[in-house]
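Peer 1: Model the full structure from these sequences, guided by the hints.
Protein chains in written order, with our numbering: chain A, 3 to 395; chain B, 3 to 395; chain C, 3 to 395; chain D, 3 to 395.
Note that these hints are calculated values from the structure, not bench results.
A couple of the hints might just be wrong.
Since the list gives no way to pick out one identical chain from another, each pair is judged satisfied if it fits inside one copy or across any two copies.
What the hints assert, rightly or not - Here are the simulated SDA-like cross-link-like pairs (lysine to any residue), alpha carbons at most 25 Å apart as the crow flies:
| id | residue 1 | residue 2 |
| --- | --- | --- |
| 1 | LYS73 | PRO316 |
| 2 | LYS288 | ARG267 |
| 3 | LYS73 | GLY314 |
| 4 | LYS288 | SER270 |
| 5 | LYS153 | THR101 |
| 6 | LYS288 | SER263 |
| 7 | LYS288 | SER81 |
| 8 | LYS73 | ALA91 |
| 9 | LYS73 | PRO38 |
| 10 | LYS288 | ALA261 |
| 11 | LYS153 | ALA211 |
| 12 | LYS153 | ARG133 |
| 13 | LYS73 | PRO86 |
| 14 | LYS73 | ASP90 |
| 15 | LYS288 | LEU151 |
| 16 | LYS73 | LEU88 |
| 17 | LYS73 | ARG135 |
There are 4 protein chains.
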Amino acid sequence: MSGDSRTGVWLIGARGSVATTTAVGAAAVGAGLVDPTACVTESADFSGTTLAPLNELVFGGHDVVGTPLPKRAEELARSGVIPPRLLDAVHDRLMDADTEIRAGYDADDEIDCQAATAERLVDDIVRFRERHRTARTVVINVASSEPPLDKHRQYADLEELEHALARPGRPLPPSSLYAYAALRAGCGYVDFTPSPGARVPALDVLARAHRVPYAGSDAKTGETLVKTALAPMFAARALHIRSWSGTNLLGGGDGATLADSGARRSKSLSKDRPLAGILGRPVEGKTHIDNVPSMGEWKTAWDHIQFEGFLGVPMTLQFTWQGCDSALAAPLVLDLARLVARAQEAGRTGPLPELGFFFKDPVGLNEHRLLPQYEVLLSWVHGLNEGVAGEGV
Amino acid sequence: MSGDSRTGVWLIGARGSVATTTAVGAAAVGAGLVDPTACVTESADFSGTTLAPLNELVFGGHDVVGTPLPKRAEELARSGVIPPRLLDAVHDRLMDADTEIRAGYDADDEIDCQAATAERLVDDIVRFRERHRTARTVVINVASSEPPLDKHRQYADLEELEHALARPGRPLPPSSLYAYAALRAGCGYVDFTPSPGARVPALDVLARAHRVPYAGSDAKTGETLVKTALAPMFAARALHIRSWSGTNLLGGGDGATLADSGARRSKSLSKDRPLAGILGRPVEGKTHIDNVPSMGEWKTAWDHIQFEGFLGVPMTLQFTWQGCDSALAAPLVLDLARLVARAQEAGRTGPLPELGFFFKDPVGLNEHRLLPQYEVLLSWVHGLNEGVAGEGV
Amino acid sequence: MSGDSRTGVWLIGARGSVATTTAVGAAAVGAGLVDPTACVTESADFSGTTLAPLNELVFGGHDVVGTPLPKRAEELARSGVIPPRLLDAVHDRLMDADTEIRAGYDADDEIDCQAATAERLVDDIVRFRERHRTARTVVINVASSEPPLDKHRQYADLEELEHALARPGRPLPPSSLYAYAALRAGCGYVDFTPSPGARVPALDVLARAHRVPYAGSDAKTGETLVKTALAPMFAARALHIRSWSGTNLLGGGDGATLADSGARRSKSLSKDRPLAGILGRPVEGKTHIDNVPSMGEWKTAWDHIQFEGFLGVPMTLQFTWQGCDSALAAPLVLDLARLVARAQEAGRTGPLPELGFFFKDPVGLNEHRLLPQYEVLLSWVHGLNEGVAGEGV
Amino acid sequence: MSGDSRTGVWLIGARGSVATTTAVGAAAVGAGLVDPTACVTESADFSGTTLAPLNELVFGGHDVVGTPLPKRAEELARSGVIPPRLLDAVHDRLMDADTEIRAGYDADDEIDCQAATAERLVDDIVRFRERHRTARTVVINVASSEPPLDKHRQYADLEELEHALARPGRPLPPSSLYAYAALRAGCGYVDFTPSPGARVPALDVLARAHRVPYAGSDAKTGETLVKTALAPMFAARALHIRSWSGTNLLGGGDGATLADSGARRSKSLSKDRPLAGILGRPVEGKTHIDNVPSMGEWKTAWDHIQFEGFLGVPMTLQFTWQGCDSALAAPLVLDLARLVARAQEAGRTGPLPELGFFFKDPVGLNEHRLLPQYEVLLSWVHGLNEGVAGEGV
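Peer 2: Spelled out as structure tokens, the structure:
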């Protein structure tokens with residue numbers, strides 16, 4: 003395949019469950035071995051858009067662990083995430099991706115300043131892009147969630163930030179250092195998790211300076227997805243929500259990370275935003291996130307919604323969502339890679355609010371209702387083909 | 003209060019739980035005793051529309067039973083449907099409505115032809131309208147569900163139908179005879195249940211001839227409401243629904259009626275339509291409707307949705323809806339009365355697809371997704387004020 | 003009614019929801035106005051036992067608040083806990099109970115040593131007993147839950163404890179001070195909550211010295227009740243439980259108290275005991291207790307149980323319990339009053355493991371499976387009539 | 003391995019999912035490759051009993067289809083019922099079982115009278131027994147459910163039945179013809195399904211005449227299992243059950259069979275018995291059994307229980323059971339084979355009420371509560387070792 007037509011997908015956390023499922027899926031769907039179920043951009047609503055074909059995506063990335071992708075794929079097959087019959091068929095593509103993974107940023111091993119690390123990260127991405135002569139490369143962070151960032155002067159000013167990076171210390175959390183490197187390399191960037199990433203004012207300045215777009219944060223793949231489909235129903239029917247309580251049980255790496263209170267705080271903040279956004283007020287009730295290691299790759303959410311109908315009569319809606327985390331996330335990684343690449347092609351820079359459909363905490367978008375977000379997405383992506391770059395919502 | 007500014011609400015099944023809750027609610031909300039929760043047309047999205055004020059609605063109707071409304075209200079208070087503290091406050095308004103209820107059509111008592119009955123029904127409605135000098139009166143059928151209608155020549159041709167009515171026999175089911183009378187009286191008509199009602203081709207001709215609008219069928223107040231909020235989520239995310247099974251447990255009169263297989267057939271047909279409509283194909287799985295007398299005025303629906311994600315991984319969503327049937331239906335009766343009156347004021351005749359938001363089987367509308375239906379409703383009702391009558395969708 | 007045949011029920015927290023429902027229920031059931039549903043000792047399995055008749059129970063107690071019982075009963079009627087029609091019928095009996103309520107122990111108002119307070123509490127109970135010439139009086143703590151007790155020398159030795167009480171300070175938490183007074187007054191005592199109460203070694207010595215029995219702790223009225231019915235099923239079928247997670251949503255006073263982390267710790271400890279006891283090992287998974295004020299008197303528990311079947315196949319059981327807290331607790335208060343009085347009559351002293359059926363953390367009993375506990379209870383209570391005092395299990 | 007110590011397990015429906023999982027499991031557990039989870043007779047409570055070791059069970063059976071067992075095992079591995087890693091390890095044992103499967107009774111192919119067929123079936127079993135020199139062989143019917151039997155004279159009288167068998171026609175349903183053959187061959191027999199099987203008076207006479215025991219009917223493996231654990235909780239707590247409604251969604255062969263109304267009638271009858279048995283009265287509410295082919299080997303049951311607490315307050319318990327049918331059934335097949343063989347060894351003949359723990363409709367036992375059934379089982383099996391044959395309950 004000639005270069006220039008290819009699109010690079012550079013994943014932070016490239017050996018994790020989500021990244022592995024993404025690479026397996028792109029290969030399997032691209033080769034026509036399975037239906038493109040759950041790939042939004044492959045659905046009929048997207049026909050006529052000129053997004054990069056799945057089989058022209060090239061994968062690489064950073065990670066701090068070394069497990070080979072085919073081994074990770076086997077583990078996921080045993081957990082029921084990947085159909086065992088696909089393993090042989092995608093083996094070569096996985097090995098290709100495996101050779102494109104570079105050592106990630108490990109704060110504990112760091113001896114130099116973060117500026118030096120950033121140089122190395124930029125260099126890794128640029129060489130990948132050159133090697134594969136990709137038309138565009140999108141960097142997507144699918145690594146573990148980090149705690150929210152405290153306010154600090156250096157985050158507000160790019161110049162000050164770059165001075166801080168040049169000194170010893172760790173001014174930026176990993177997600178934001180990766181975002182810094184991605185933007186510096188001229189790549190679109192996606193905050194797939196609630197980590198700070200590009201959501202730092204100084205990095206927004208950087209994105210605009212380098213004329214690259216970015217999207218985020220925190221892909222909605224389960225409980226929050228359902229919330230943003232159901233809350234508008236209550237609002238449209240003028241039903242008064244008294245309380246909305248939720249419990250999320252999850253295992254795998256995600257469960258363990260979120261057992262850490264800092265990361266859970268990030269997640270909880272971004273999980274609570276859509277409901278308050280849709281209802282226009284805070285709502286009583288907590289959202290628990292429990293690490294249940296024996297759940298493995300699966301997650302279960304139970305939500306209990308108490309609402310009032312006519313004359314104040316109390317009623318209840320409960321739902322239980324049982325899903326496979328990586329299988330829910332991976333197709334959205336593919337969607338976002340294609341859409342951000344397309345946005346960059348169309349000359350968009352800075353935040354992409356039109357991609358809010360995918361996120362719990364959509365940068366630049368006040369609309370949290372799922373269907374209106376979908377309409378925004380569709381109208382934008384079809385507009386691109388008509389030469390409308392669509393500068394925000 | 004002077005006439006002409008008032009709007010009549012003529013309910014078929016005027017002594018039932020839904021009608022009683024509607025009359026109590028209009029009085030209580032109209033007097034500011036309770037918030038207008040669940041009244042869609044009272045929400046902020048409707049500000050600026052010129053709908054009839056709730057306290058200018060006048061109630062009357064037909065019924066085949068004789069229980070006084072205040073007695074029904076007491077029963078409903080004991081069941082938790084109506085707050086007991088409201089009973090005294092609305093007593094006079096209930097008595098007013100009670101005196102406006104006339105003997106309904108009882109097929110078993112019928113000795114004459116249906117044409118004669120229709121004359122009497124028309125006369126009841128016209129006298130009510132004159133007595134209260136209402137600007138407009140809307141007839142709404144909230145009586146028990148009837149089985150679906152078999153195809154028959156006379157249903158397709160108004161002239162033939164009227165010949166049949168003039169002969170002995172019962173060519174029309176009660177709901178359609180009421181619809182016939184309402185349209186003949188120049189009143190807007192609403193099929194709140196899945197009964198045939200105005201959904202007979204000859205009656206559509208009649209509605210257009212008399213220049214009156216009609217709306218229906220089968221208000222979505224529970225399981226189907228949630229379905230039309232959730233199914234679009236699966237569609238927008240390209241998740242493949244394998245099966246959707248549901249069980250509805252209900253008591254009260256509704257439960258008993260639907261235990262009858264004919265009526266249940268009507269209900270099931272209209273309940274299944276939205277899902278097939280949204281997904282564009284029939285879906286595996288049954289919808290049960292069980293009569294559980296001890297549930298009283300309450301209903302519980304459990305739905306089990308099996309879906310496939312990326313790479314075919316099977317996942318599940320379940321929900322349980324626990325609601326009070328009359329409290330869910332009554333505010334929609336008020337909404338529909340106001341909206342149909344407004345449509346008639348604006349000169350609309352024939353079916354009103356813009357009201358599809360309220361119905362499981364929306365006449366004239368192919369859109370079953372709840373939020374897009376809501377957008378259609380809002381855009382239409384606001385357009386009316388700008389002089390746009392909006393001839394269909 | 004002549005004295006001596008009457009049984010006193012002295013409630014700590016005598017103006018709370020549980021106490022009020024108990025007093026209303028005893029009057030209403032005793033007068034034959036409602037069926038004795040949920041009263042275990044009124045069921046057919048107890049026929050032939052000679053327990054105090056419900057209409058010969060006399061109520062009194064301590065509380066730190068002053069709301070009259072009839073007012074509390076009205077509030078509970080509005081919340082659906084008490085049928086409104088009973089209010090008039092039980093009014094006089096409630097007023098009788100109301101006049102028997104004395105000021106409780108309020109640590110903040112305390113100026114003297116706890117020994118002096120204890121004297122006053124003993125005196126209140128003794129005078130009540132004399133006034134009504136009760137054959138026996140049982141003291142039951144239905145007040146708010148307290149945090150667990152730290153280990154301390156004085157709790158292990160009665161003499162040291164009494165020295166400490168005589169000095170300024172608050173060596174005992176309220177529940178244990180009430181237990182101390184009850185035992186000193188020669189009354190049987192019940193820890194209905196997880197508070198320390200009589201579960202202090204020195205108080206066990208006191209109970210035996212005064213030859214009075216006691217029972218506890220923490221009545222199982224919802225989630226834990228179901229757990230102790232379901233966990234034995236998994237054990238008997240050799241199914242391997244991987245994780246058991248639970249979320250409890252509750253409002254009312256109980257919700258607010260348990261929002262306090264200390265009290266929640268007591269509750270969680272006693273909630274987790276049965277599962278580990280039945281399975282013989284600790285099980286993965288958390289139990290959340292959330293205060294959701296808008297739930298009012300109602301509570302909802304959702305439990306998610308992941309288990310392994312043959313060949314390690316993973317399966318799931320989930321349940322949702324929706325109950326009314328006071329209506330679940332009150333009949334057990336009546337059962338325990340009657341059973342502890344009967345035990346004392348039969349000469350039992352110290353802990354009553356045979357009442358473990360009622361408790362999450364049954365004193366002196368290692369059996370946590372509900373049905374075997376029930377067999378123990380039945381066999382013991384019927385044995386009493388045959389002159390078998392049954393010294394423990 | 004020498005004969006005489008081996009126990010034969012002759013399965014009717016020997017190539018079905020349950021039979022295949024049973025054979026795979028016996029081999030895998032017997033070889034120590036997996037834990038004996040879900041095998042009741044392998045649990046600690048059974049230590050000291052002298053049941054046939056799992057690795058000394060020999061499998062054979064009848065079936066009307068020809069798919070080789072290893073192929074069925076592969077299908078089940080793909081569905082997640084059998085861990086793929088076991089396939090190679092058990093292959094030889096499966097092939098052994100495969101060679102022992104004989105053509106079953108197919109009513110459509112039948113040309114002779116049923117007596118002739120019975121001779122052939124007896125012969126198949128006897129030759130198997132001789133080939134393997136088994137000490138005892140137990141015949142267990144795990145084939146598709148059949149409709150209930152109408153009353154008929156010939157079912158009440160063995161002589162009349164045998165005359166009927168000798169004439170053309172099909173007096174017996176397949177399950178009962180197999181039972182007839184098993185008993186004639188001197189083998190213990192188990193009705194694992196709700197089919198008539200041995201539950202025909204004439205066959206009881208036959209069993210006693212041949213001095214063989216039999217057990218049944220309809221193993222409880224899901225919804226009913228949970229029912230018999232939960233209903234006793236309500237009874238012991240004197241909570242009044244108003245309604246108990248259930249919906250079962252199942253795929254696989256079982257779903258398809260039960261979609262047939264006759265077989266569903268058998269199943270529903272046996273599913274409803276325990277609840278009425280435990281509560282001592284019929285209870286409002288239906289139990290649906292839906293065939294949802296896309297559920298495959300998995301089944302989901304949702305139960306909704308409305309109950310009344312103190313003072314008539316209505317409350318609710320709901321549960322959702324998600325299980326794998328064959329994995330739930332197979333270990334019970336092993337348990338029953340071992341227990342019935344042991345009963346025969348101990349000289350028991352006729353029905354075995356002590357095995358009621360395993361069944362929805364336990365022959366000869368009025369106790370439906372799970373834990374008391376378990377106590378009956380344990381006490382009986384341990385009694386056998388002390389030389390107590392235990393002639394019924």
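Peer 1: Each hint should be assessed against the structure and marked as holding or not.
Peer 2: Going down the list of hints, with the structure as the test:
Taking identical chains as interchangeable, the C-alpha atoms of LYS73 and PRO316 lie at most 25 Å apart only when they sit on different chains, with a minimum of 23 Å there against 52 Å within one chain. In the homo-oligomer, the alpha carbons of LYS288 and ARG267 lie at most 25 Å apart both inside one protomer (12 Å) and across protomers (18 Å), since each shortest distance falls under that limit. Only between protomers do LYS73 and GLY314 lie at most 25 Å apart by alpha-carbon distance; the minimum there is 21 Å, versus 57 Å within a single protomer. Taking the shortest alpha-carbon separations for LYS288 and SER270, both the intra-copy value of 9 Å and the inter-copy value of 18 Å come in at or below 25 Å.
In this assembly of identical chains, the alpha carbons of LYS153 and THR101 never lie at most 25 Å apart, being 38 Å within a copy and 60 Å across copies at closest. For the homomeric pair LYS288 and SER263, the shortest alpha-carbon distances inside one copy (15 Å) and between copies (15 Å) are both at most 25 Å. Taking the closest pair of Cα atoms, LYS288 and SER81 come within 25 Å of each other only across two copies (23 Å); inside a single copy the shortest separation is 30 Å, beyond that limit. In this homomeric assembly, LYS73 and ALA91 come within 25 Å of each other (Cα to Cα) both inside a single copy, at 14 Å, and across copies, at 23 Å.
Proximity of LYS73 and PRO38 under a CA criterion of 25 Å is satisfied intra-copy only: 24 Å inside one chain copy versus 29 Å between copies. Taking the shortest alpha-carbon separations for LYS288 and ALA261, both the intra-copy value of 16 Å and the inter-copy value of 12 Å come in at or below 25 Å. In this assembly of identical chains, the alpha carbons of LYS153 and ALA211 lie at most 25 Å apart only when taken from the same copy (23 Å versus 64 Å across copies). When the C-alpha separation of LYS153 and ARG133 is checked against a cutoff of 25 Å, the pair qualifies neither within a copy, at 39 Å, nor between copies, at 68 Å.
Taking CA atoms no more than 25 Å apart as the test, LYS73 paired with PRO86 passes in both settings, with 12 Å inside one copy and 17 Å between copies. Taking the shortest Cα distances, LYS73 and ASP90 sit within 25 Å of each other both inside one copy (12 Å) and across copies (21 Å). For a Cα distance limit of 25 Å, the shortest separation of LYS288 from LEU151 inside one copy, 22 Å, qualifies, whereas the shortest one across copies, 28 Å, does not. Taking the shortest alpha-carbon separations for LYS73 and LEU88, both the intra-copy value of 13 Å and the inter-copy value of 20 Å come in at or below 25 Å.
Neither within a single protomer nor between protomers do LYS73 and ARG135 lie at most 25 Å apart by alpha-carbon distance, with minima of 28 Å and 48 Å respectively.
Comparing the model with each earlier hint shows violations of hints 5, 12, 17; every other hint is respected.
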